[in-house]
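Asks: Top to bottom, those sequences are chains A, B, C, D and E. For the first sequence, position 184 matches number 184 in my numbering, and the numbering has no gaps at all. For the second sequence, position 193 matches number 1193 in my numbering, and the numbering has no gaps at all. For the third sequence, position 94 matches number 2094 in my numbering, and the numbering has no gaps at all. For the fourth sequence, position 119 matches number 3119 in my numbering, and the numbering has no gaps at all. For the fifth sequence, position 179 matches number 4179 in my numbering, and the numbering has no gaps at all.
Calculated from the structure, these hints are not laboratory results. Just so you know, not all the hints are guaranteed correct.
[Stated by the list, open to error] In silico DSSO-like pairs for lysine-lysine, Cα to Cα no more than 30 Å straight-line:
#1 B:K1147 to D:K3100
#2 B:K1025 to E:K4304
#3 A:K88 to E:K4503
#4 A:K153 to C:K2132
#5 D:K3216 to B:K1159
#6 D:K3184 to D:K3100
#7 E:K4641 to A:K88
#8 D:K3017 to D:K3133
#9 D:K3003 to B:K1155
#10 B:K1187 to D:K3017
#11 D:K3100 to B:K1155
#12 E:K4256 to E:K4304
#13 A:K158 to C:K2132
#14 B:K1187 to D:K3100
#15 D:K3017 to D:K3003
#16 C:K2129 to E:K4109
#17 D:K3243 to E:K4473
#18 D:K3017 to B:K1177
#19 D:K3069 to D:K3133
#20 A:K168 to A:K152
#21 C:K2123 to B:K1025
#22 D:K3099 to C:K2123
#23 C:K2123 to E:K4041
[As the list claims (entries may be wrong)] Not close to chain E: a few residues of chain C, all C-beta gaps over 10 Å, as computed:
#24 A2023
#25 D2024
#26 I2042
#27 R2047
#28 D2049
#29 E2078
#30 G2079
#31 R2101
#32 E2119
#33 G2135
The beta carbon of each residue, even a glycine, is placed where N, CA and C say it ideally should be.
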Amino acid sequence: MDKELQEIIKKLLAEKKVDWAIGYEKAYDELSTRPAFVQDANDTARLIFNKYCINNLGLYLTKFKKNKLAVVCKGCDIATVFELIKEKQFSRENVVVIGVACEGVLDKKTGKQLEKCENCRVKQPKGADFTVGTGKDSAAPKNFLDVVEFEKKSSKEKAEFWNRQFEKCIRCYACRNVCPVCYCPDCFANRTMPEYLNKNVDAEENKLFHMIRMQHVFGRCTDCKACDTACPVNIPLTLLTKKLAKDAKELFNYESGADMDVLPPLSTYNEADSESDIL
Amino acid sequence: MKYELQLKNIAEGFRKDVENLSQQKISNCYQCGKCSAGCPVAYAMDYPPSMIMRMVQLGMHDQVMSSNTSWYCVSCETCTTRCPREIDIAKVMDTLKIMAQAGSYKLSENEIPIFDWIFLKSIELTGKIYELGLIGAYNLLSLHPLKDIYPMGLKMIIKGKINFIPHLFYNPSELIKNIRMFKLIRKKDRERIYEKNA
Amino acid sequence: MESKVKEINIVGFLCNWCSYAGADMTGLGRNIYPSNIKVIRIPCTGRMDPMMIIEAFHNGADGVLVSGCHPGDCHYTEGNFYWRRRYPHLKSLLEHFGVDRRRFHASWVSASEGKKFAEVVKKVYAEVKDWKDNG
Amino acid sequence: MLKVAYFPGCSLSSTAKEYDISTRLVCEDLEIDLVEIPDWICCGATTAHITSELTAAALPAKSLVWAEKQGLNITSPCSACFSRLKMAHLHIEKDPKLKKEVEEVIGEKYNGKTEVMHLTRILIEQYGIENIKAKIKKELKGLKIACYYGCLMTRPAEVCVNDRVENPMLMDNLVKALGAEPVKWYYKTECCGAGFSLTKTEIARKLSGDILKEAKDCGADLVMVACPLCHSNLDARQPEIAKLIKTELNIPVLYFTQVLGLALGYNSMDLMLNKHFINPKPLLKAKGIL
Amino acid sequence: MARIGVFVCHCGTNISGVVDVSRVAKYAESLPGVKVAVDYKFMCSDPGQNTIIDAIKTHNLDRIVVSACSPRMHELTFRNTLERAGLNPYMVEMANIREHVSWVHSDNKELATEKAMKLMEMSVSKVRRSEVLTKMFAPIEKRALVIGGGIAGIQAALDIAAAGYKVVLVEKESSIGGRMAQLDKTFPTLDCSACILTPKMVAVSQDKNITLLTYAEVTEVSGFIGQFEVKIKKKAKSVNSKCIGCGVCVTKCPNKKSLSDFDGRLGPRKAIYTLFPQAVPNVPVIDRETCTFFLTGKCKICEKVCPTSAVDYTQQDELITEKFGAVVVATGFDIYDHSSYGEYGYGEIKDVISSLQFERLISSSGPTEGHVVRPSDQKEVKNVVFIQCVGSRDESKKRPYCSRVCCMYTAKQAMLLKDHYPETQSYVFYIDIRAAGKNYEEFVQRAQNDYGVVYLRGRVSKIYERGNKLLVKGADTLSGAQVEIEADLVVLANGLEPRKGAKEFSQLFHMSSDQYGFYNELHPKLAPVETAISGVFVAGCCQSPKDIPDTVAMASATAAKVCAIFAKEKMEVEPLIAGVNQLTCSGCETCYNVCPYSAIEMKDKEVKRGEVRHVAEVLESVCKGCGVCVGACYSKAVDLKGFSERQILSQVETATMPITNS
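Chain A with its partners taken away, still in its complex shape (with noise of 0.2 Å):
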């Protein structure tokens, strides 16, 4: 599988089509793996894909957008990239996209596979342009059990659940730093006219830039996984992406990269649109 991998990267490089490729390489251990940058077609041996290819490379192409590019994309990854052509943050013809099967990504920390595989619905990769093994689809569709339960409790539980975590919280962004759509020039965390966010760490003040954060995100963010993996101090993030993937299908019917034409859901309306709840 690493050899066909690298050798349609090779040929991608060899012939001019792309400029840089972006895929995975073996890091300091047999449980790690990094990002690989390669511009050489002679420098493809070092790629690889394993069950420890966590990152979602799609973070990257946003850095690299004035080149023309191949990257390694996970099914679930090519619904960023697709995410970031529909905003205009590179063209689809400069981006070539690998797909590779995958079933199922591992957290090294735990040993334990990611909680996004387990009902994953595109372990064989749809829509790249050169696809590598063949993986088989889950019957069962995403859950949002862990939603729905915490959904459950009361206001103020939630908020007190909140608090505990953002208390952790040490600001560090990194959460923001991973986040493939979080490509803002310039943060509104950075700010200071107006100073959206007070630059102290305390509890309330990161609470304040997660709930930015995660609304910035909404109808974009594609549920990868990548802030709750990066967090330093295991704020389960995931609770809130996963939450905004629900509340885009349920409320908009909108899953986020799945469809090329239509606009993410804060960037058009229906005459339709529910009015209850509106006083």
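Model the placement of chains B, C, D and E on the given structure of chain A, informed by the hints.
Replies: Only chains B, C, D and E this time, still in chain A's reference frame:
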């Protein structure tokens, strides 16, 4: 003119009492007279309905209570149906009757309260109306012992239209339940009226 | 525990063309409503940046009301349609973070609905008070 | 098959037995299942609502609760009972405080799920004029009928579902379907003074007299009613009224179920036509219906 | 550091009666940046404004907060004040402590004062973040559109044309004239309606500045003051411009199946018709829904008899698009349809007629040539009952308002009837007589004293049809008596209501309307002909019921307003529009997608030296300042002048802060 308006009565909440008990906005009446125009018994009333509404607005408590108007209301609801201000005038008339009976006014009318009392007593004790008892008791108490006996009453009996034996509950526990219910209602009613009058 | 009237703080965002004018109409009709609402004038509910609402709650507002033109009446044709999409999503998200649903409301109040505006504020006040008193 | 809870009411078990019998006959013929409410108590009629609001709501509520439990709609041929049931239903629905009190007093919950319909609506609207037409055995040709609706089944407007308050047509349509001719008159919904029948009889006499006279003037052969109170005023008091207004009246007053029964082929004994004070048989014989 | 002045208005006692204004001013002084705070009786008065100007000069102020009434009322006034004082006019903010405080919180003066302080503080916070803005100008298309060819539209068009500007008058019927053309005589002078209207109609047709589009409707509107773009559908008349109005076609047309709406459906109307004899333009139209030729393909009689071959069956509807600088809406009214009154016979009793039908009956150009006869049997009448307030002052019919003209026209009709038929007797049932107008009360008195009309104070409960008479059952509440009248004819005084489709029409312009559908004026007293949409004015009964003199006055007022716009070289537009900070724009095109005016352009642009990025740019002349883009932008790169993120955020922060040291 017969009356002089007592300005303090206007403020003293007779209108509010009637409004609260009937849940009708009497201040909304603008005296168009449509109720009086259509009332089939207005000819027999001391004051036509629209005038009663005005008198309630102005707090003319004694005149309203001593007039026969509400007692002559036959509850045909013609006024209610046609009122352009959406006031349920028939219900206001009911309320006035209820207030009159609960209060200590000299009723301009005793036939109807007597009839109602017997009527409801009959329901309390038998669950249904016992016509013969009803008519008999009513005639006795209203001092017209022979009213309607001849020829109509007699003919009714001949035609088998009137039962001699009252209906009874098949199940005695139902009877007890019924009497208990009436007791509870009376208690609640007292609370209701006193609460409003207080 | 009964909270004091004074302690309840509601921020209202009213669109200039319908709801702000409607609130002016409330004044012309002398309809009394709770004084807890502090109104911020915005050109259109489409201008309503969700961040501002999050900031309002963050800063300690007990309730937020956003009010605009009825659908189809927007001065800018379609601004309120965009708001109508942001509102349910934002409400749901805020609720997820523990902002009770009784604290955040939206309404349509036209320039002639002075009475309705008073009713809306009373309703929002009652809901926020209910949240404050009963959790 | 239509199935409804049946509330006959006090009058139908005494002064208006013929209405009860003809109702049951006709419904059996049309295969409408009338389930009589066991141990129903009086609706409170014209007295409860002027004595206490709570009594007026609590008495019918017992029957409403029973019907609701059975999952049935409720009907009564008597307009007074119908009106009390319907008004109780509406008042309880509108006034949560009253609802609470009523539930306390009767010791049961009422959810407002049952619909109260007058028997005319059950037969003419729910069962359907066309279906009735199909069952007619004898057309009532040549009979001029004044349909009299009275107050209680038409007013207030909330009660008068699917028909006009001021000029109801429900029974007129039935009469037309039966082959008879509905008389165009304007006293359809005037009050007969039923509430005062026993107490202020002079008023009942005057009002009923106006109605009978108008019916006569408009050329009606008979008056058709759907209420035992109207009937006793128009029929049993007719001789007194005639004497009072010094006019020959002699208009038979029939229940609509009796008229319908005639068209369905029942004879005068079945329908207990002999119970009426004004004997309808000569008229019906003259028209060739009996 | 900003130098802010705060001015608190008493508004007589409107504000000071509830709010402790001196406490508000005192609190203002304690706020950072506030150099001076004063309260004054009437801030908007000349001395009030001069106080502001003086304060600006003495304290060297650069920003102003006025705590007074609604900014919708006086924001412009105070912007001008600042300009006169040499400041940028956009450096003023208003705190609305009248409509939003004193008038609505009079139940608790303490809380009201605290709220007033807070609102003032919020405005101080906002003005502290205000920026200098420069005025913008836009071109004006000096052509007016008048919609509706009734007396209001006619008057407005004539007045605007007289000032030398071009006018397009659009009327949906085949002739102008409107409701007034249906009337016989007018109150309180009893002069003939046609005699005073027809000369005006002719003047319209002869005015070189007026283009008359009859049988036409406005279908789409876009743009804004100075630059409205309007689509007008000209329905096919099937008669072209060669027509000389001889009327032969109408006479010869064999198809008279339909009833004339103009005549209140009391008489027939041909398939080819003019509305009435004095129609302007006097060109007939073919109603394609009833014309035999259009239904069956046979007939063509009108084509054969036409001496100028003006009949053209092939004509098609035509859609034209025109530009206008201002619009006058004068779409008029309908009368209330009394078929919802069951007690008056559900509109089915033939001899119970509407007031407009009576006008047609008694008009000599009407279907009976002026003979008042019963529609049921064409017999003459003796006793006539008039019932007022049908569809007016009736909550149960959702028409609680007074229609203002019915008392007067009922008196007029009763008098006309007596004039024509001295042996008749009229009875009028009324609730209150509302005759507020010059010579109006005298007119109603004359009806009672000189014409013997019997006025009975009460609403009619029911009309019974008895034989060929109508039995009217009413009451006279003054005497407390019930009344029964045997009448030959009953005339209902139908109230006025908005035209059917008024609501949909108002949405074309995004005008607001009240719950009945009457269009809302901008201010009930001080801007009675303006609407919330600048450049769109309303005249006549589409705004509320009114009589002819009021309508004409209102129409002339709209004309003055239109001329005032056209007299300017260029249109001043508020610079409260969006702007993009391209350094922070991420080029996601969200703003581009949501902009209702397509005022955002996406460009590849060098934003930093050597860095070309895909970014948004606002087209300043197109942007209307709605701010939808600001609400949608994640990167916080778009902002709205006058309602910037900094301003609103500071308002939010202030609003949620407790009042200090109060």
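Asks: Could you run down the list of hints and mark each one as holding or not?
Replies: Verification of the hints:
1. B:K1147 to D:K3100: violated, 42 Å
2. B:K1025 to E:K4304: Violated, at about 68 Å.
3. A:K88 to E:K4503: violated, 40 Å
4. A:K153 to C:K2132: holds, 17 Å
5. D:K3216 to B:K1159: holds, 26 Å
6. D:K3184 to D:K3100: violated, 46 Å
7. E:K4641 to A:K88: holds, 27 Å
8. D:K3017 to D:K3133: Status holds; Cα separation ~26 Å.
9. D:K3003 to B:K1155: Between D:K3003 and B:K1155 the Cα gap is close to 37 Å, so the pair fails against 30 Å, i.e. violated.
10. B:K1187 to D:K3017: violated, 36 Å
11. D:K3100 to B:K1155: Not OK: D:K3100 and B:K1155 at ~46 Å, beyond 30 Å, violated.
12. E:K4256 to E:K4304: Answer holds: E:K4256 to E:K4304 is near 18 Å, not above 30 Å.
13. A:K158 to C:K2132: Holds - the C-alpha atoms of C:K2132 and A:K158 are around 16 Å apart, at most 30 Å.
14. B:K1187 to D:K3100: Status holds; Cα separation ~15 Å.
15. D:K3017 to D:K3003: Given pair D:K3017, D:K3003 holds - Cα atoms ~22 Å apart, limit 30 Å.
16. C:K2129 to E:K4109: Holds, because 21 Å separates the two Cα atoms, which is no more than 30 Å.
17. D:K3243 to E:K4473: OK: D:K3243 and E:K4473 at ~27 Å, within 30 Å.
18. D:K3017 to B:K1177: With Cα atoms ~28 Å apart, D:K3017 and B:K1177 stay inside 30 Å; holds.
19. D:K3069 to D:K3133: Given that 30 Å is the threshold and the Cα spacing comes to 33 Å, the pair is violated.
20. A:K168 to A:K152: OK: A:K168 and A:K152 at ~24 Å, within 30 Å.
21. C:K2123 to B:K1025: holds, 23 Å
22. D:K3099 to C:K2123: With Cα atoms ~24 Å apart, D:K3099 and C:K2123 stay inside 30 Å; holds.
23. C:K2123 to E:K4041: violated, 35 Å
24. A2023: Its Cβ does come within 10 Å of chain E, the nearest being 6 Å, so this is violated.
25. D2024: violated, 4 Å
26. I2042: violated, 6 Å
27. R2047: The claim breaks: C:R2047 does not keep its Cβ more than 10 Å from every Cβ of chain E (closest is about 3 Å).
28. D2049: violated, 5 Å
29. E2078: For C:E2078, whose nearest Cβ neighbour in chain E is about 5 Å away, the distance does not exceed 10 Å, so it is violated.
30. G2079: violated, 5 Å
31. R2101: C:R2101 clear of chain E: closest Cβ-Cβ about 19 Å, beyond 10 Å.
32. E2119: Given a closest Cβ separation of 12 Å, the condition holds.
33. G2135: Non-interface label stands for C:G2135: nearest chain E Cβ at 21 Å, farther than 10 Å.
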